[in-house]
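Asks: Given the sequences, and given the hints that come with them, work out the whole structure.
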Amino acid sequence: MSEKRTFKNLDLEFRLFKERMFVAFAIVIVLIFVLISRMVYLQVYQHDIYTTKSDKNRMHVRAIPPTRGLILDRKGRMLAENLPSYNLMFVREQAKDIQGVLDVLAEILELDKKQKTDMAEQAYSQRRPFHSALLLSQLNEKQIAKISVNRYRLSGVEIEAQLIRHYPYGPMTAHVLGYVSRISEKDLTNVDRSQYAGTYYIGKSGIERQYEETLHGRVGVQTVETNARGRILSVLDETLPQPGESLTLHLDADLQYAAIRALSGFRGAIVAIEPSTGGILAMVSTPSFDPNLFVSGIDSKTYRQLITSRDLPMFNRSIRGNYPPASTIKAFMALAGLEAGVINRNTSIEDPGWFQLPNDKRFYRNWKRGGHGTVNLNRAIVVSNDTYFYHLAFNLGIDRIHPFMERFGFGVNTSLDLPQASAGLMPSREWKKGARKSPWFPGETLSVGIGQGYWQATPLQIATSMALLANRGKWVQPRIVKQVGDEDIPLKQDGTPDDIVLSDPTHWDQVIQAMVDVVHSRHGTARKMSRGVDYIIAGKTGTAQVKSIKQGEVYDENKIAERYRDHALFAGFAPRDNPKIALAVVVENSGGGSSTAAPIARMVFDAYLKKTDEKSSSEKAVKGSQ
Amino acid sequence: MNTNDFLHRLPGATHAFQRPVGWFERVYLDFWMLMILFIIMGSGLFVLYSAAGESLQDVQRQGMRFLFALAVMFGIAQVEPRNLRRWSPLFYIGGTILLLCVLLFGVGAKGAQRWIQIPVVGVRFQPSEIMKLAMPMMVAWFLSSQTLPPKWKHLFVSAVIITVPVLLIARQPDLGTSLLVAAAAIFVVLLAGLSWKLIGSFIALGIAALPALWYVMHDYQRQRVLTFLNPESDPLGSGWNIIQSKTAIGSGGIYGKGWLEGTQSQLEFLPERHTDFIIAVLAEEFGFVGVCVVLTLYMAVIGRGLFIALNAQDTYGRLVAGSITLTFFVYVFVNIGMVSGLLPVVGVPLPLVSFGGTSSVTLLAGFGILMSIHTHRSLVRN
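Residue numbers (the working numbering), protein chains in the order written: chain A, 4 to 629; chain B, 2 to 383.
Do not take every clue at face value.
Unchecked claim - With a Cα cut of at most 16 Å, we get these calculated EDC-like pairs of lysine to aspartate or glutamate:
#	chain 1	residue 1	chain 2	residue 2
1	A	K21	B	D315
2	A	K59	B	E269
3	A	K59	A	E228
4	A	K145	A	E113
5	A	K56	B	E233
Hints in this document: simulated from the structure, not taken from any laboratory.
Replies: This is how it looks when you write it as structure tokens:
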């Protein structure tokens with residue numbers, strides 16, 4: 004080919020062009036073949052895979068959450084209900100100007116800076132196209148109205164209704180019912196995950212947690228056809244959810260209210276039990292907290308205050324608080340002595356005001372300096388003489404005390420549906436060897452004899468022991484729940500402890516009479532509470548030492564820091580014949596049982612036994628709080 | 002004075018010196034090409050009705066655009082090829098100036114400036130569309146005036162002609178269009194007879210330069226490449242389109258789900274379903290069979306185009322016709338390749354089927370050039 008050529012060689016050009024055309028056409032054919040192969044691969048070879056994918060796209064299995072069961076008190080009053088709540092949802096694909104919509108929302112709802120940034124974060128979060136984001140929860144009526152009025156400026160914004168838990172009695176029932184709160188990933192590991200597909204809340208404590216499965220119900224399933232925006236076009240298949248069953252409690256809201264009021268201003272607990280059923284009529288722990296805060300999502304500052312407060316408002320004292328039962332167990336010590344034959348009803352001692360172990364210089368003192376003189380069994384209980392019980396404990400020995408007290412539920416959690424209740428501590432020789440790695444000393448038996456030392460019991464245990472006394476040994480486990488749906492929970496269960504059968508049933512009468520005298524006789528430690536009473540109470544006061552007093556030191560309330568003051572206790576039941584209520588009152592750091600605990604107990608007894616015709620007090624309380 | 006001019010001036014002599022012509026050729030239209038285009042546009046409207054959610058309004062709008070585009074095609078077909086050739090540099094320079102205007106006072110959306118607003122009339126258009134035709138015309142004008150195969154200095158001049166507008170378009174940024182414009186011009190150079198040795202070394206050079214391309218790309222372009230390589234990495238974001246389109250195509254199977262029955266498109270899972278991704282709607286509703294029919298129609302257009310190119314009477318006509326036809330094929334291949342997941346997502350519509358006015362006008366204008374070249378042939382070769 005000559006470089007110098009100046010004329011165009013048209014034939015050569017055309018030949019060249021034809022050659023190039025041919026190559027180009029060949030390449031076109033090859034590429035078309037590539038496209039066809041690709042289509043064969045997708046449409047024939049992988050057809051099944053993509054058919055599944057396409058069906059998955061349009062068909063959605065939607066969980067329909069069941070409605071949570073209600074919780075009612077024994078008279079059918081609502082303790083936990085479900086109220087509609089309104090959430091602000093946002094589909095950003097439907098908004099032309101996302102920031103504009105957020106600005107309008109911030110303006111009309113008067114949001115602060117933090118709420119604004121939270122909302123923006125939600126609105127821009129990574130999501131499947133056309134799936135809504137939750138911007139704000141629990142809108143109030145004013146907010147809903149404002150959003151509705153400004154709807155034309157808020158494309159993509161929707162208000163969604165949802166049922167959420169509400170506790171009308173608030174703090175009053177917080178420790179009994181517990182509360183529900185947002186499900187965490189950890190919660191889901193303990194339950195059947197599929198059942199919670201559409202549920203946002205789960206029981207976190209109390210009855211709500213204990214009966215979670217019953218209250219929750221069973222999830223429903225709906226197969227729906229949706230478009231890409233998630234709008235449901237048709238329902239293809241549906242299984243309705245099975246709502247959670249309602250619970251009826253033994254609790255009496257009126258009594259609960261009275262008990263809370265009686266205990267107001269104190270730290271402490273009250274447990275009241277119906278002896279014939281074991282049903283817990285009232286269970287109070289003060290101070291308390293508002294469980295509704297946990298449902299809506301508690302802010303961290305309030306939460307920190309709750310968990311760091313020295314008064315422990317989150318702590319359920321009634322079933323988890325361990326206190327020395329003190330003199331409230333003297334009736335059972337007396338029964339133990341009578342049963343073992345260590346004493347009889349006439350055994351008496353001379354009380355100089357103290358007791359000494361053989362070969363030990365240490366004085367074990369009666370609460371009353373100078374002693375009570377000649378003391379027989381009845382008097383020992385009525386005046387709560389300590390020296391008598393030192394003698395008795397010394398003669399019985401810990402090896403006989405421990406098993407006897409265990410039969411009354413001390414050192415064990417005998418409750419039917421309160422697994423979180425503490426077992427307390429009923430000390431024994433074996434326990435001490437194991438837990439404290441040291442032998443049992445005889446002096447420790449003496450402390451146990453007056454309900455002190457290592458002995459620890461919860462208010463629930465003390466109330467249970469009283470119910471047992473009222474039943475004369477017939478065991479019914481304490482329980483909160485009376486009915487699940489329409490089913491009554493049977494009184495006796497497999498795990499119910501054996502009834503206590505005494506060799507001489509008159510021993511029951513003996514100690515019960517002594518406890519009646521505690522309240523109704525001239526010398527009884529709780530005589531003041533019997534003023535004006537028209538039924539007969541059997542009871543026992545107790546004063547539990549928080550800080551041990553050194554030998555030779557005198558307890559002086561005024562000198563001791565508030566937190567080290569004695570706990571005041573009262574345990575008892577009423578009426579004596581055909582008992583309807585057994586209870587335990589523990590008031591922390593408030594001094595003597597007779598001065599503080601007994602009057603509180605009287606208020607509770609009155610509230611339950613004196614039927615007033617006026618409209619129930621608790622309902623007024625609820626109305627007042629709303 | 003040109004031979005044809007001379008012949009035309011002979012009274013009554015025109016027919017005697019020209020080939021016998023049919024009714025269509027008398028108005029400078031190519032019958033076969035026109036028929037195939039009609040079939041494609043007709044089936045396109047049919048699919049569009051389904052893809053646009055049974056919207057007659059969109060179909061009407063598209064039909065009006067087709068009518069306008071056909072009018073443009075008819076007008077261009079009337080122009081004699083030698084005039085087209087003569088005006089090529091004018092188009093090219095005018096187009097380049099408009100591209101400069103786009104960079105200076107263009108309007109656009111999503112961070113790209115692609116449009117020019119004509120102040121008085123209120124019409125917006127993309128100057129880069131003009132370039133799709135002006136570019137191959139210009140390169141063909143230049144090369145056809147030189148001896149072929151092209152020499153080094155001619156290649157260099159061609160490179161300059163190509164580079165300036167391509168860079169201007171890439172700056173908008175509109176990488177897809179700039180590559181298509183460049184491709185149209187390169188087809189001219191290839192058809193002009195660039196030696197195989199040089200073709201081979203350019204390809205090798207291109208492959209070597211690929212990594213460098215990565216650094217000049219915008220973030221969204223890189224994202225597209227990454228998504229192409231692994232759509233599942235971001236199934237809800239950038240991978241969504243391609244996953245949904247593959248699902249639509251694959252679930253169509255051999256015979257498809259039926260017209261208006263495609264769940265992917267009717268339930269709006271498929272994005273851009275009436276524009277760039279319309280082939281997925283067709284594949285879902287008419288299956289593999291439907292895809293084959295459409296591909297056959299496109300092949301018919303390309304076959305006819307290449308036939309016209311081979312029968313063109315001068316080098317300029319051959320080069321322009323060949324380039325326009327091959328560029329048309331590139332549209333088809335890139336669009337279907339991208340929707341079926343063979344290529345990264347670039348905004349290339351499916352010719353004459355996707356909803357949209359600009360591309361239809363450009364395409365039919367190109368076919369107008371083809372028809373002009375084919376129907377103005379005379380018995381006398383110049």
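Asks: Look at each hint and say if it fits the structure.
Replies: Taking the hints in turn, this is what the structure says about them:
1. This hinted pair checks out: K21/A and D315/B have alpha carbons roughly 13 Å apart, not beyond 16 Å.
2. With a C-alpha separation of about 14 Å, the suggested pairing of K59/A with E269/B holds against the 16 Å cut-off.
3. Restraint check for K59/A and E228/A: satisfied, since their Cα atoms lie roughly 10 Å apart, inside the 16 Å limit.
4. Between K145/A and E113/A, the direct Cα distance comes to roughly 12 Å. Compliance with the 16 Å bound is thereby established for this hinted pair.
5. Between the alpha carbons of K56/A and E233/B the distance comes to roughly 13 Å, so the proposed pair stays at or under 16 Å and holds.
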